[in-house]
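We have chain A already, so just place chain B on it with the hints.
So the sequences go chain by chain: A and B. So in the working numbering, the last one in the first sequence is 330, and the numbering has no gaps at all. So in the working numbering, the last one in the second sequence is 1475, and the numbering has no gaps at all.
None of these hints come from the bench; they were simulated from the model. Everything numeric in this text was worked out from a predicted model, so none of it was measured. Please note: incorrect hints may appear among the correct ones.
Ranges of calculated distance between the beta carbons of each label pair, as one might list FRET restraints [said to hold, decoys possible]: (1) B:D1431 - A:S55: 47 to 53 Å; (2) A:G112 - B:V1247: 17 to 23 Å; (3) A:E47 - B:G1361: 52 to 58 Å; (4) B:K1266 - A:M8: 52 to 58 Å; (5) A:V203 - B:L1444: 32 to 38 Å; (6) B:I1329 - A:S55: 31 to 37 Å.
Counterexamples of contact, computed for chain A against chain B with all Cβ distances above 10 Å [stated by the list, open to error]: (7) E56; (8) A286; (9) S330.
Glycine is no exception: its CB is placed at the ideal position from the N, C-alpha and C atoms.
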Amino acid sequence: MMLNIVQAINQALALEMEKDERVVLLGEDIGVDGGVFRATEGLLKRFGSERVMDTPLAESAIVGTSIGLAVGGLRPVAEIQFMGFMYLGFNQIISHAARLRNRSRGRFTVPLVIRIPYGAGVKALEHHSESTEALFCQIPGLKVVVPSTPYDAKGLLISSIRDADPVIFLEPTKLYRAGRQEVPEDLYEIPLGLAKVVREGEGLTIAAWGAMIPVAQKAAEIVEKEGLFPEIIDLRTLAPLDRKAILESVQRTGRLLIVHEAPKNCGLGAEIAALAAEKAILQLEAPVLRVTGQDITVPLAKSEDYYYPSPDRVAWGIKKIMES
Amino acid sequence: MIEKYGPLKGEMLQILDEKGQVKPDLEPKLEASDLRRIYGLMVVTRAADLKALKLQRQGRMGTFAPSLGHEACQVGSAFALQKKDWVLPYFRDLGTFITLGLPLKNYYLYWMGNEEGMRIPLELNIFTMSVSVSTHLPHAVGIAMAAKIKKEKAVVVAYFGDGATSEGDFNEALNFAGVFKTPNVFICVNNQYAISLPVSKQTAAKTLAQKAIAFGFAGIRVDGNDVLAMYAATKEALEKARSGGEPTLIEAFTYRMGNHTTSDDASRYRTEGEVGEWAKKDPIERYKIYLKGKGIWDEAFESQAQKEAEDLVSDAVKKAEDTPPPSLDDLFIYTYKDMTDDLTEELNELKAFLKEGGQ
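So here's chain A without its partners, still in its complex pose (with noise of 0.2 Å):
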């Protein structure tokens, strides 16, 4: 059926939790109101309050009980509102969720997920737009997943729930109505840590995730006038990073170009560089280049275009480094 991202994550949560009754759900807003984005729409009533529970105003408690949650048995997938509120729970994410199986050797585990929305380009208030999936990727113990398509949402979220780590799920708001998609009806698992080629090209791999797939697709569109064919890589899984499917890309096409919503600095195009750096410097025909959001905090509305890539600004680093 043809499914929008929000759809997709709707039916995952509902065929999942029918399925295995240890999932639950919990967080601000996503029981009677359906979460703000609706992600989470009738699943109360389906499954009931012990099962999807409305949680009081408190991002540490959601992710903290969440942890206690997992350890009691149970499967919790629980939902932040805005990435920009998730930092009130990080603590809980990167000293406890992270560290558990390490710290019990072995004997407490937190198979949980946290699904956030994540990104700007849709003119929202203040830490509403945020991206900082790094912050994630450099901690030991998590996964971090970014889908970009309904189907993707779908067999990701499926494969987070039922993996044995903690996994931050990030939900890219720009795309959760951006397009609808075929998606099967069933349950279906897309394995994390696998990236996906989107396009196939020639000469240039862009490296990209979440709503950035779309702009570095319609900067491809872009460049095609002007004869040049890069192949563009879905990460998909950005912890652990699916460093086999860049280098084969790379070594083939010989340039890479990272495509991120997040500031430049430290950000996990940082990650990728070094790794091209490090292991595909030989075959490398130009320097890698990021085209990235800006390294201030996110613009208010009037300007966020200023900070946001577009496809331009991505065509425009296309032809930068097939000229260099």
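This is chain B only, laid out in the frame that chain A set:
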């Protein structure tokens, strides 16, 4: 009983006073064997604690947080628990661990800097200890929520200090516990200081127990140096939680007789006179008088208890010191369920470096 002691009025449950006199109407009904066992556990706790201090001074143990003076609140409360109940300890919980049956070797190993110490035996529902103040309280609520959802009759008990009550996680967790009516017992060990900060500067509230009122459930201040009061209050709170009632906050009013940790010097912020006053309230001494009055304690019993404690402690020290440090593999394999390619590569690189004689 809990409801009878108004935290706003500063009332405190005490069953055994500082001179060892018992309030007969409140005296818990414990068999002589249990009374003996409680004494033995307190003696072991103190002996194990003092030994750890010595080991630290000899360079055989790392920084360590002593439990001296907390024997009653730790042993008394933990003694009331059932096997299926869960305990989330904080970093000053030696007597709790000992009462619940964690091998002392584990405790020593942890403070010696070996992760193996927190490999809690599977048959014990003890959580790894929390070093980051108050952050384990949401876990306690989550485990209790899970127990409630799974219709298990387990109660989840969390221990923490007075300083924890200023943290966000304390307030968020207890608020959740109130809203979700979770089977929790929160034991706040008010030992008067959070490192150097006295409780009077930690909060303007008269008692810590009264904070429970704002979360919609009962709080009680208990004499934390009175093992009978700690046992009785915890038992009642456990029963209430187990029968589907509300959570309870127990403020164990006690004193940290030692330094915060072996890296601390408490004489910088408190007087000898103050410490001396609290020394007169020693939890073991008053309990000894009580047992003597009941005809349970005599010199032979005392020397037997001391001997058993000594043997247990020296055996644990030996076992801990004989335990090798974690292997290189062990440092990596608990990061995720399965090793990632990146981790495997890093581990192999480290092994190769060491094999070549690298340091």
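Each hint tested on the structure:
In this structure, D1431 of chain B and S55 of chain A meet the distance hint of 47 to 53 Å, their C-beta atoms being roughly 51 Å apart. Range check, G112 of chain A to V1247 of chain B: Cβ separation about 19 Å, and the 17 to 23 Å hint holds. Against the hinted window of 52 to 58 Å, the Cβ-Cβ separation of E47 of chain A and G1361 of chain B comes to about 34 Å, which falls outside the hint. Take K1266 of chain B and M8 of chain A: their Cβ atoms lie about 38 Å apart, and the range 52 to 58 Å is violated.
Distance hint check: the CB atoms of V203 of chain A and L1444 of chain B are about 36 Å apart, consistent with the given range 32 to 38 Å. A beta carbon spacing of about 26 Å between I1329 of chain B and S55 of chain A contradicts the range 31 to 37 Å that was offered as a hint. Under the 10 Å C-beta cut-off, the non-interface status given to E56 of chain A relative to chain B is violated; the minimum distance is some 5 Å. Every C-beta of chain B lies more than 10 Å from that of A286 of chain A, the closest at about 15 Å, which supports listing it as non-interface.
The beta carbon of S330 of chain A is kept farther than 10 Å from every beta carbon of chain B, the shortest such distance being approximately 30 Å.
When each numbered hint is compared with the structure, violations occur for hints 3, 4, 6, 7.
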